[in-house]
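Novice: Sequence:
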Amino acid sequence: MTGRERVHTAMSRRRPDQVPREVGFTPALFERFKQETGSEDPAEYWDFDTANVGFKPAESQPDFSQYHPEGIPEGRAGEYGTVSLPGDFYHFTRRQYPLDHETTLQDLEEYPWPDYTPAYRHEHLEAEVQRLHEQGKYVTGFSGHMWEIAWQMTSMPKLMMQFIEAPDQAAYLLDRILENDLFTARRLVEAGVDCLMTGDDVGMQDRMMMSPAMWREWFKPRWGKIYREAKQINPEVQIWYHSDGMIEPIIPDLIEMGLDILNPVQPECMDQVKLKREYGDRLAFWGCVGTQTTFPFGTPHGMKAAVKHLIETVGEGGGLFLAPTHVLEPDVPWENILAFFEACEEYGRYE
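Numbering (the numbering used here), first residue to last: 428 to 778.
Keep in mind the hints are simulated off the structure, nothing from the lab.
Predicted model only: the values in this text are computed from it and were never measured.
Errors might be hidden in some of the hints.
Below, simulated DSS-like cross-link-like pairs (lysine-lysine); rule was C-alpha separation at most 25 Å, straight line [unchecked claim]:
#1 K731 with K658
#2 K483 with K564
#3 K701 with K658
#4 K652 with K701
#5 K647 with K658
#6 K461 with K731
#7 K483 with K658
#8 K647 with K701
#9 K564 with K647
What follows is a set of in silico ranges between Cβ atoms, one per label pair, in the way DEER data are often shown [to be verified]:
#10 I682 with F519: 43 to 53 Å
#11 D534 with D633: 56 to 66 Å
#12 T464 with H728: 17 to 27 Å
#13 P500 with A470: 45 to 55 Å
Where is the CB? At the ideal position from N, CA and C, for every residue including glycine.
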């Protein structure tokens, strides 16, 4: 059985003849969902095949005030000390970076890093996975970001400069994040998740945010360590990697590292049929329905045509999980969402 066939079999265990599918909503569109359906749960309303488990939040948080002289509104600091502030458009936010000032290696060593190891944060995982498996769900769990956490602590320009001018600080920062991601990944796999979700947004619309060589130097070894340890615990666990944008240069690297599922495979950024042709014997593809084009600006007819095309091409022989490439924004017409599910039902059945 090829990697793609193995992934397809697991993802489709509840309905082996049907392409699995899901959607996610931003807050404003979630309110529209509730108005239209009377439901509070899209996964229950449309009977999604997947369910996610994760760690519980920390019971207390360090005092990050010395890293934010501009102040921290209550409840706005994350576990790594990054502050998210409301933007001026819908759900979008802006950030305060706790380490965007001049730092030394000692500053990083003394930083109040989060601790994921207390039992109360993860001792529930085995029972939760078992409960969801008894419902026939394909269970996922997210190990955490790496690049995204790092630059959201330092600011992106500073981290990019540290790769060149202060590599000892960049390495320490990434290794502390890796330590937490690795512990999280181990516990999720030990608990029995079907799919370990990982990833970072390293792609832009037509190229990567950094050179492939820089990604291979700084991130490939660290993600590779997580993938190896996950597969050592359970060789059958499926590894999922998310990056927005165009990341085609590193897809062979991800496969070499042990990747099974690529997400979100934006049609505006990469040729999905080409990727299926080149890597479809080793990879499954999760996402694929464009949120820059089809969902917001298409018609219901166009949506159905796009879904049918994906099933006939990227879904040929299995290995396709249909979903928007991002959570759906407020400008997406409700009729297009209904057309997506209607098309999945009409065309998404394997012979």
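Novice: Does each hint fit the structure? Answer for all of them.
Specialist: For each hint, the structure was consulted:
{"no.": "1", "hint": "K731 with K658", "in the structure": "38 Å, violated"}
{"no.": "2", "hint": "K483 with K564", "in the structure": "21 Å, holds"}
{"no.": "3", "hint": "K701 with K658", "in the structure": "28 Å, violated"}
{"no.": "4", "hint": "K652 with K701", "in the structure": "29 Å, violated"}
{"no.": "5", "hint": "K647 with K658", "in the structure": "16 Å, holds"}
{"no.": "6", "hint": "K461 with K731", "in the structure": "23 Å, holds"}
{"no.": "7", "hint": "K483 with K658", "in the structure": "24 Å, holds"}
{"no.": "8", "hint": "K647 with K701", "in the structure": "24 Å, holds"}
{"no.": "9", "hint": "K564 with K647", "in the structure": "31 Å, violated"}
{"no.": "10", "hint": "I682 with F519: 43 to 53 Å", "in the structure": "34 Å, violated"}
{"no.": "11", "hint": "D534 with D633: 56 to 66 Å", "in the structure": "37 Å, violated"}
{"no.": "12", "hint": "T464 with H728: 17 to 27 Å", "in the structure": "23 Å, holds"}
{"no.": "13", "hint": "P500 with A470: 45 to 55 Å", "in the structure": "31 Å, violated"}
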